[in-house]
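J.: Kindly generate the complete structure, drawing on both the sequences and the hints.
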Amino acid sequence: MKKYQKQSGMTVDAEYEEEQGNPFFEALPEILGKEEVMKRLRSQIPYPKDIQKMSPEERRREVMEISKWFYPMDYMYTIYDMLYRAMSATYQTKNIVDHIRQMNDLYMDFRTGREREFQYATQAYTGAVLGVPGIGKTSTVQRCLSLMPQVIVHTNYGGKPMYTKQINYLFVECPSDCSVRTLAFNIFSAIDRAIGSDYLKQATYQRAVAASATTTKLKIICMNHHIGLIVIDEIQNAIQTAVKNRQLKPLVKFLVELTNETSTGICFCGTMEAEDLFMSQEHLKRRTRGFRLLPLKYDVTYRKFITELWDSQVVLQRTELSEKLMKQIYDLSAGIPSYIVKIFQEAQVQAILTGKEKLSYEVLKQAVMCLGIEVPKTYGWSGTSISDFTVQEVTVNEEAVESVEIEVQTTEETSLEGDCQEEISLDPVDGRRDKLDAGDIMDEELPGSAEKTSSKRFYAVKRGRKKSERDDSDLLELWVENPSADALLLNLEQFHMLERRCF
Numbered sequence: 001m002k003k004y005q006k007q008s009g010m011t012v013d014a015e016y017e018e019e020q021g022n023p024f025f026e027a028l029p030e031i032l033g034k035e036e037v038m039k040r041l042r043s044q045i046p047y048p049k050d051i052q053k054m055s056p057e058e059r060r061r062e063v064m065e066i067s068k069w070f071y072p073m074d075y076m077y078t079i080y081d082m083l084y085r086a087m088s089a090t091y092q093t094k095n096i097v098d099h100i101r102q103m104n105d106l107y108m109d110f111r112t113g114r115e116r117e118f119q120y121a122t123q124a125y126t127g128a129v130l131g132v133p134g135i136g137k138t139s140t141v142q143r144c145l146s147l148m149p150q151v152i153v154h155t156n157y158g159g160k161p162m163y164t165k166q167i168n169y170l171f172v173e174c175p176s177d178c179s180v181r182t183l184a185f186n187i188f189s190a191i192d193r194a195i196g197s198d199y200l201k202q203a204t205y206q207r208a209v210a211a212s213a214t215t216t217k218l219k220i221i222c223m224n225h226h227i228g229l230i231v232i233d234e235i236q237n238a239i240q241t242a243v244k245n246r247q248l249k250p251l252v253k254f255l256v257e258l259t260n261e262t263s264t265g266i267c268f269c270g271t272m273e274a275e276d277l278f279m280s281q282e283h284l285k286r287r288t289r290g291f292r293l294l295p296l297k298y299d300v301t302y303r304k305f306i307t308e309l310w311d312s313q314v315v316l317q318r319t320e321l322s323e324k325l326m327k328q329i330y331d332l333s334a335g336i337p338s339y340i341v342k343i344f345q346e347a348q349v350q351a352i353l354t355g356k357e358k359l360s361y362e363v364l365k366q367a368v369m370c371l372g373i374e375v376p377k378t379y380g381w382s383g384t385s386i387s388d389f390t391v392q393e394v395t396v397n398e399e400a401v402e403s404v405e406i407e408v409q410t411t412e413e414t415s416l417e418g419d420c421q422e423e424i425s426l427d428p429v430d431g432r433r434d435k436l437d438a439g440d441i442m443d444e445e446l447p448g449s450a451e452k453t454s455s456k457r458f459y460a461v462k463r464g465r466k467k468s469e470r471d472d473s474d475l476l477e478l479w480v481e482n483p484s485a486d487a488l489l490l491n492l493e494q495f496h497m498l499e500r501r502c503f
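Heads up: the sequence shown runs through residues 1 to 503, numbered per the working numbering.
Please keep in mind that the hints were generated in silico from the structure rather than gathered at the bench. Each hint should be verified, as a subset may be incorrect.
[To be verified] No farther apart than 20 Å at their CA atoms in a straight line, the calculated lysine to aspartate or glutamate pairs in the EDC-like style are these:
#, residue 1, residue 2
1, K462, E257
2, K297, D74
3, K34, D81
T.: Right, dumping it as structure tokens:
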């Protein structure tokens, strides 16, 4: 039986399968498979059966229920897997003795104001999930985190009392006027919401205290509550404010120190605007590798998405989803999931208000105008379309595992390693990744990593002029066939276009 199945809520009492000296890692829930994650992420809305009897006002109110609809895609499981491994890596980088030493060093820094070189491992996961606005970064990260308990309460370990609260993750909203101090206050607030403390109240009473003292106190609190992962959403807001106020270096220093000195994993979430800072700072370049997400392509993933959404019509005359209509919706939304849903909602509202009671291309265009949706023709950075992520469900059967182990003993070691890496991908029996190294996570190439090149928006129907048809004797066509001077002269002579001069 998996852990915490009998407990509900985001706060649970610790359950250990084996006690090996690392209670924080041992208390983590098992990693879920793709099928389970997709099932729990999906959010469907009940379709009202008596649409014909409902008034226009009731049906317009019913349209707003579509906002609760959520369709899981393969890239979401990839993000869930990354978040889980990042959280796990924090608890594997050090044991309890290292934790106590780290706490003491931070406390002495807070008391004396000195900075020292730490003698323990400071490697922790840092990464980023950046993408086009409206692609679903925030909602996906929040839903993936909700699949895991946020707080684990420890009361007894190894037959001895151990009273502490382990915060597995925090989700921090970065306000538009964010500074280093404000970002620290938001982390205090997130901790208070998780465990019911009053750290934010204490911090606001001490506004005269220097920002460095506030950040040092935050590091101590992160250590004290064993925080595994901090997700900072809308990170581009902090960067814009830091550049505007010329406080870029303090912000970078704060983010780097928070990771190094507490061994707490950090995941940045935001738009592509943050990439300019990440790539310009050596401290952050290698620490913010991760996903760079682009909209849906016009492919089977988009078709499944729009087909399931299309069933939520509340207009009196249902419209069948044709191939032409799918292409039109795609080109109006550029394949951005949030835009697709909003256009679908607003189009139904407009159809009801105007009395047309039917969805059409004209109604969809009217919805786009009302929403003021404008999609740029190019995106500043390249990335990976969310349609390009594929995750295969792996089923484990004990007999197959035993036969693999027997075969391993009868083959050469070098060929065995290659075969296993290519064909077998198994988790431990308890469902959790074992012997996970934080450095491996940070340095691995993720499928959404970006290069510094712009990316053009996608279209279902190609744009631009059609290629004009040329005659077979056209000089340009002849040059393409044989791009040589001799051939060109022969062609010119053949068509009496070669001018001869006598000297």
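J.: Is it true that the CA of K34 sits at most 20 Å from the CA of D81?
T.: Holds, at roughly 9 Å.
J.: Is the straight-line distance between the alpha-carbon of K297 and that of D74 20 Å or less?
T.: holds, 14 Å
J.: Between the alpha carbons of K462 and E257, is the straight-line distance 20 Å or under?
T.: At roughly 48 Å apart (the allowed maximum being 20 Å), E257 and K462 break the hint.
Taken one by one, the earlier hints fail for this structure only at number 1.
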